[in-house]
Amino acid sequence: MQENQNIDLELKISPSPHISKHLSTTSVMLDVIIALVPAIIAAGIFFRIQAVVLIGTCVISCVISEWLCNVIRKKPNSLGDLSAVVTGIILAFSLPPHFPYWACIIGSVFAIVIGKMVFGGLGANIFNPAMAGRCFLTACFGAFITTWTVPATIDTVMPIMGQGQTVTQAITQATPLAISKEAIKAKGEEENSKAQSVNSMFKSMLIGSTGGCLGETSSIALLIGGVYMLLRKTITWIIPVAMLMSAFVFGSIGWLIDSQAYVQPWIHIAGGGMLIGALFIATDPVTAPLTKKGMWIFGIGVGSLTMLIRIVGEYPEGVMFAILLMNSVTPLIDRFTKLTPAGGK
Amino acid sequence: MGRAVAIIIDVAEDNQPIQPIAEKFTSDFNLGQYSPEQICEAARQAGIVGMGGAGFPTAVKLRANPESPIDTVIINACECEPFLTCDYRMMIEWTDQILAGSALAGKSLSCENIIIAIEDNKPDAIAAFKEAVRKNSAMSHIQILAVETKYPQGGERQLIKSVTGRDVPVGGIPPMVKVLVTNVGTAAAIAEAVCFANPLTHRVVTVTGGGINRCGNFYVPIGTPVEELIDFCGGLGEKAVKVLLGGPMMGFAIGDLSIPITKTCGAITVLTEKEIGKAKNKGKQTPCIRCGRCLDVCPIKLNPTKIAHAVKYDMLETAADYHMAACMECGCCSYVCPGNIEVAGHIKTGKILVARQKKKMPQ
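So the protein sequences, as listed, match chains A and B.
According to the working numbering, the first sequence is numbered sequentially starting from 1.
According to the working numbering, the second sequence is numbered sequentially starting from 1.
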């Protein structure tokens, strides 16, 4: 018998399997950030320097909040997984372009600390952190959050309005969804042409040259990002399809009943936070169900609730509330859609 | 783990080394001279067990049960575990022997429907078998079927589903759907036992991986210490970090190389850090982001992350409720996890804990 050559070698013992696909949470989050780049560029084009300021403020605030929480909790630094960066970008995208910086910071801190860290960090939170932050801002600074500026690329002769802010590069105007809401409220009136005026804005809604929150306006930019994520298998196709399909169905019902009061269904898809919600927020894996059946229920729930709020409720936009509401029932959905193993009944 | 008593059987000088007898099997193999009882008894005497890894006594499997008739015998020639080629080499070099063993297994169960299922990434093995069947008219009832190459195609339940479309019930065994599955190595051993009354004393072992100096397939006496086989292959390379009994997906990592090769050990895989991956080798696990990738890849359609975390937080009833017992420990869940979580590892721990609990409790 030959002498053992392996006495000096340290052999590792761990459970099987001993090979892997080399994925990491960081790479998944990086894919989301890359998918958000077209929308970041679009925001830069339409809202100029404000886009940079807002996104920068939110991302930096989120990152610092998470870092501080880790230090206080005496846990290892979790910033490497890039989830704070994603939260920052999405929160910034969901705010109007001229939202005050100090309010952005407050919202970011709330999103990370209360929306995520208090629950135990990434993976343990029930609510999407960006939406939790935005909800807090809506409750505290409702006026700011409903003041939108029109993109700098539009020529217009409207008078300058605003909450005492000197808006030099853009002016305020009601967003397509806000006008849609007025159309519904004016239902039954003669000469209700508001819905028609929104319908004609569809093309600009696709490109992004309308008013709205920072990251929501350019449907095409968001769709490009969405396709990237679907190809990379970063997100599931089920939630966006379920959400957009159910929203479309609801929108169609309204439109078919009264096309004067209700806008065309594709306006609802392109308008407001529907696309960014469907592609980037509702698909957040931590806060969405695990099972495929559960994802269908979740997607249909978000789409339906959004449309319910938009058409029947008081708010012109319902994505944030719809997502938060469905987040709260995700554990229940998971339990009710328990899988049967192969060969089982 | 612990220690066990081992015995060393010393064989007389002139009886060594024992060679494979594949060339004794030819294309005019006569099935008619063997009865089902003979076949069963020969398998029992030779001590044949399932050599694909399960180690179930083959004689028990081959005994026809009138209450549970078998209508399909599947010979598992898939070898889905990456890095392994022992079954493949046997298929190429011992084709007639395996064919004889397959026919004998079918005869033992009075079953004419015999299918040799091979993954389609082994076209020359498929061709070799088809040629062997063509040459021997007595084997015309044996079908050669190419199945999709996809891990874990070689898992019993997965193969039965692929070949026959039938689902083996959870907690059940293949005879419940009238199927019997046996490994090609076992089939070869059956042929040797029935036709030449040879006991199961050797098996083919693949030595592979980036961390061993010489790779290959070897005809090894059962009981050979792993370190002897490794030394025969030039010893461990300096980049070796893990030695596995078996392949990289389901193999068992060992630290003591004096362990013997058993009847069910098909490979010694020596992996380097590069092959394992830096992150996986370091073992740093990040929180579960509930991405659902493990649910997507689980062949049994379980919820691996739920079970693994239930075990981690000491909630074994929850884990059992999510069908932890049905897990086949294939490792697909850990393989795809972005968080580098030892999903399969936790589930395996859970199964052991439940088994220990059952032992302690009086029935």
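None of these hints come from the bench; they were simulated from the model.
Beta carbons are placed, not taken as given, at the ideal position from N, Cα and C, and that holds for glycine.
Mixed in with the good hints there might be a few duds.
As the list claims (entries may be wrong) - Here are some, though not all, of the chain B residues that point toward chain A, as calculated from beta-carbon distances under 10 angstroms:
1. Tyr34
2. Arg134
3. Phe196
4. Val241
5. Lys242
6. Leu257
7. Pro260
8. Thr262
9. Gly283
10. Asp321
11. Ala326
12. His346
Stated by the list, open to error - Once the Cα atoms are required to be at most 30 angstroms apart in a straight line, the calculated DSBU-like pairs of lysine-lysine come out as:
13. A:Lys21 x B:Lys282
14. A:Lys292 x B:Lys351
15. A:Lys338 x A:Lys293
16. B:Lys284 x B:Lys274
As the list claims (entries may be wrong) - Non-contacting residues of chain A with respect to chain B, defined by C-beta distances greater than 10 angstroms in every case (computed):
17. Ile19
18. Ser78
19. Pro316
How the hints compare with the structure:
no.: 1; hint: Tyr34; in the structure: violated, 34 angstroms
no.: 2; hint: Arg134; in the structure: violated, 36 angstroms
no.: 3; hint: Phe196; in the structure: violated, 31 angstroms
no.: 4; hint: Val241; in the structure: holds, 5 angstroms
no.: 5; hint: Lys242; in the structure: holds, 5 angstroms
no.: 6; hint: Leu257; in the structure: holds, 6 angstroms
no.: 7; hint: Pro260; in the structure: violated, 14 angstroms
no.: 8; hint: Thr262; in the structure: violated, 17 angstroms
no.: 9; hint: Gly283; in the structure: holds, 6 angstroms
no.: 10; hint: Asp321; in the structure: holds, 9 angstroms
no.: 11; hint: Ala326; in the structure: holds, 5 angstroms
no.: 12; hint: His346; in the structure: holds, 8 angstroms
no.: 13; hint: A:Lys21 x B:Lys282; in the structure: holds, 15 angstroms
no.: 14; hint: A:Lys292 x B:Lys351; in the structure: holds, 26 angstroms
no.: 15; hint: A:Lys338 x A:Lys293; in the structure: holds, 9 angstroms
no.: 16; hint: B:Lys284 x B:Lys274; in the structure: holds, 16 angstroms
no.: 17; hint: Ile19; in the structure: violated, 4 angstroms
no.: 18; hint: Ser78; in the structure: violated, 8 angstroms
no.: 19; hint: Pro316; in the structure: holds, 32 angstroms
Taken one by one, the earlier hints fail for this structure at numbers 1, 2, 3, 7, 8, 17 and 18, listed in ascending order.
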